[in-house]
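Protein chains: 2
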Amino acid sequence: MKNYKLTIQYDGTRYKGWQTQTSTDLTIQGKLQDVLTQLASHPVELTGSGRTDAGVHALGQVANVRLEGIQTCEEIRDYLNRYLPEDIAVTVVEEVEERFHSRYHALSKTYLYRIHTGKIPDVFGRKYTYSYQTPLEVSRMRQAAGYLVGTHDFKAFCGNKKMKKSTVRTIYEIRIEETENELCIYYTGNGFLQNMVRIITGTLLEIGDGRREPEEILSILEGKNRETAGYTAPACGLTLCKVTYEKEH
Amino acid sequence: MKNYKLTIQYDGTRYKGWQTQTSTDLTIQGKLQDVLTQLASHPVELTGSGRTDAGVHALGQVANVRLEGIQTCEEIRDYLNRYLPEDIAVTVVEEVEERFHSRYHALSKTYLYRIHTGKIPDVFGRKYTYSYQTPLEVSRMRQAAGYLVGTHDFKAFCGNKKMKKSTVRTIYEIRIEETENELCIYYTGNGFLQNMVRIITGTLLEIGDGRREPEEILSILEGKNRETAGYTAPACGLTLCKVTYEKEH
Numbered sequence: 004m005k006n007y008k009l010t011i012q013y014d015g016t017r018y019k020g021w022q023t024q025t026s027t028d029l030t031i032q033g034k035l036q037d038v039l040t041q042l043a044s045h046p047v048e049l050t051g052s053g054r055t056d057a058g059v060h061a062l063g064q065v066a067n068v069r070l071e072g073i074q075t076c077e078e079i080r081d082y083l084n085r086y087l088p089e090d091i092a093v094t095v096v097e098e099v100e101e102r103f104h105s106r107y108h109a110l111s112k113t114y115l116y117r118i119h120t121g122k123i124p125d126v127f128g129r130k131y132t133y134s135y136q137t138p139l140e141v142s143r144m145r146q147a148a149g150y151l152v153g154t155h156d157f158k159a160f161c162g163n164k165k166m167k168k169s170t171v172r173t174i175y176e177i178r179i180e181e182t183e184n185e186l187c188i189y190y191t192g193n194g195f196l197q198n199m200v201r202i203i204t205g206t207l208l209e210i211g212d213g214r215r216e217p218e219e220i221l222s223i224l225e226g227k228n229r230e231t232a233g234y235t236a237p238a239c240g241l242t243l244c245k246v247t248y249e250k251e252h
Numbered sequence: 004m005k006n007y008k009l010t011i012q013y014d015g016t017r018y019k020g021w022q023t024q025t026s027t028d029l030t031i032q033g034k035l036q037d038v039l040t041q042l043a044s045h046p047v048e049l050t051g052s053g054r055t056d057a058g059v060h061a062l063g064q065v066a067n068v069r070l071e072g073i074q075t076c077e078e079i080r081d082y083l084n085r086y087l088p089e090d091i092a093v094t095v096v097e098e099v100e101e102r103f104h105s106r107y108h109a110l111s112k113t114y115l116y117r118i119h120t121g122k123i124p125d126v127f128g129r130k131y132t133y134s135y136q137t138p139l140e141v142s143r144m145r146q147a148a149g150y151l152v153g154t155h156d157f158k159a160f161c162g163n164k165k166m167k168k169s170t171v172r173t174i175y176e177i178r179i180e181e182t183e184n185e186l187c188i189y190y191t192g193n194g195f196l197q198n199m200v201r202i203i204t205g206t207l208l209e210i211g212d213g214r215r216e217p218e219e220i221l222s223i224l225e226g227k228n229r230e231t232a233g234y235t236a237p238a239c240g241l242t243l244c245k246v247t248y249e250k251e252h
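In the order they appear, the protein sequences are chains B and H.
Taking our numbering, the leading residue of the first sequence gets 4, the next gets one more, and so forth.
Taking our numbering, the leading residue of the second sequence gets 4, the next gets one more, and so forth.
Watch out, some of these pointers could steer you wrong.
[As the list claims (entries may be wrong)] Derived lysine-lysine pairs resembling DSSO-like cross-links, with alpha carbons at most 30 Å apart:
(1) H/245 - H/167
(2) B/165 - B/227
(3) B/122 - H/245
(4) B/122 - H/19
(5) H/167 - B/122
(6) B/164 - B/250
(7) H/5 - B/122
(8) H/130 - B/245
(9) B/34 - B/168
(10) B/122 - H/250
(11) H/34 - B/122
(12) H/158 - H/19
(13) H/158 - H/5
(14) B/245 - H/245
(15) H/130 - B/130
(16) B/34 - H/250
By construction, these hints were calculated from the structure, which means they are not laboratory data.
Computed from a prediction, not measured in an experiment: that's the story for all the values here.
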């Protein structure tokens, strides 16, 4: 058996997310596993770098899977793309070390949240952006983002109230890019809790439109209470851009 | 009554085109007319610069409409965007001369046909591109395109066999841009017959992949017979980019 690393793109609009509890739901992992099983003719287990919520998209999700390895990486990729639905594609298949684990070995993840701020609806980007019509003061959002960068207990920004494991994470960078009609927020960190990027985005929006002060981030982090943070921004605006690993896998 | 020029964007995927024969069909013109009637509270007639086929998109379709003119152009635009479905947007509303007619006064139209040539399916562009996997020799397509530029009788490239009016048109430019995974063909002309851009694209693809010779364009034009030209490339790859008019309307 050989271990393969897959880089995956998907339009998450019609899916219940990467993986869900019940096996009958339409999930990206489920679709991939179906086609991999058909290719391998033995049961396969696909391990993702992490879950993405229902409706969230990916440009570079990563997963690994063990296969008998009678095909080349290119053949595996082409087979998957031939049988996957048109809203999921595998961009790269690489053979990796036996011990490689897409979740445990991930060093960082980068997410992009796209906010359409223009007055004219974005017809072609409508499924990948969140339209926000209240004017935003980006400098306030940047100030607030500064308080979030670093290692913190992000319990207040975790959507899972029953979370028993550590809620400490490190955000390496929050970069906000402004164009005429769009605000792009790039988040890079060593890992993100359930809904974390969407709750941070919702909070930054409430700061940007003046409903909250940038300094509130400090007391929200301190208080570790989900109720004190902002709302969960919609899934459609979020895309998992990339997952990085050490060079030698 | 004032005359207004509207610039319109749409994702044509779920529509039967700009306008169709039967009034019950889902059309872009129909959707716009519904919202305009609601705004104007008098019957309105929306005149488009030309029809687009079912499934064809637009970045800059133009239409004109006469309204009582009690609102500003911005108010009309915002009202339309508030009530139109999310796959149609009005980007600009301008007051124009009483005599302005979006079809009669159009000087040129530019269409873009997007061909996805990459091996990896284009998840996010899938609704706006046509995937073509046979390798294409672009120099052959450019040579063939050269024969089409100019004033010709394009009867062989007309999808309407019952066409009784003149089938003479002038193509000002066919520009083919090549990127790693995509071929973009831009067509600019004084007007295009029904399906003309899609039939020309189908013919250029058959030339690009070696099934036909570039010089065949000359005999196809000469023969004026639809059967001799190539197939009609799918609607999803086509977008009406812009319609130009004299400055002073």
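Results of checking the hints against the structure:
1. Between residue 245 of chain H and residue 167 of chain H the CA atoms are separated by roughly 27 Å; this keeps the pair inside 30 Å, and the hint holds.
2. Between residue 165 of chain B and residue 227 of chain B the alpha-carbon distance is near 13 Å, which keeps this suggested pair within the 30 Å criterion.
3. Under the criterion of a C-alpha separation no larger than 30 Å, the hint pairing residue 122 of chain B with residue 245 of chain H is consistent with the structure, at around 21 Å.
4. For the given pair, residue 122 of chain B sits about 27 Å from residue 19 of chain H by alpha-carbon distance, which is consistent with the 30 Å threshold.
5. A distance of roughly 44 Å separates the Cα atoms of residue 167 of chain H and residue 122 of chain B; the hinted pair therefore is violated under the 30 Å criterion.
6. A threshold of 30 Å between alpha carbons decides the hint, and for residue 164 of chain B with residue 250 of chain B the separation of about 35 Å lies outside it, so the pair is violated.
7. Between the alpha carbons of residue 5 of chain H and residue 122 of chain B the distance comes to roughly 24 Å, so the proposed pair stays at or under 30 Å and holds.
8. Using a Cα cut-off of 30 Å, the hinted pair residue 130 of chain H and residue 245 of chain B holds, with the two alpha carbons roughly 24 Å apart.
9. For the suggested pair residue 34 of chain B and residue 168 of chain B, the alpha carbons sit about 29 Å apart, so the restraint of at most 30 Å is met.
10. For the suggested pair residue 122 of chain B and residue 250 of chain H, the alpha carbons sit about 26 Å apart, so the restraint of at most 30 Å is met.
11. Annotation: proposed proximity of residue 34 of chain H to residue 122 of chain B holds, straight-line Cα distance about 20 Å (limit 30 Å).
12. The hinted pair formed by residue 158 of chain H and residue 19 of chain H meets the criterion: a straight-line CA distance of about 24 Å does not exceed 30 Å.
13. Proposed proximity of residue 158 of chain H and residue 5 of chain H is contradicted: the alpha carbons are some 38 Å apart, above 30 Å.
14. Proximity of residue 245 of chain B to residue 245 of chain H is assessed by CA-CA distance (about 36 Å); at most 30 Å being required, the pair is judged violated.
15. With a C-alpha separation of about 12 Å, the suggested pair residue 130 of chain H and residue 130 of chain B falls inside the 30 Å cut-off, and the hint holds.
16. With a C-alpha separation of about 53 Å, the suggested pairing of residue 34 of chain B with residue 250 of chain H is violated against the 30 Å cut-off.
Of the numbered hints given earlier, the model fails hints 5, 6, 13, 14 and 16; all others are met.
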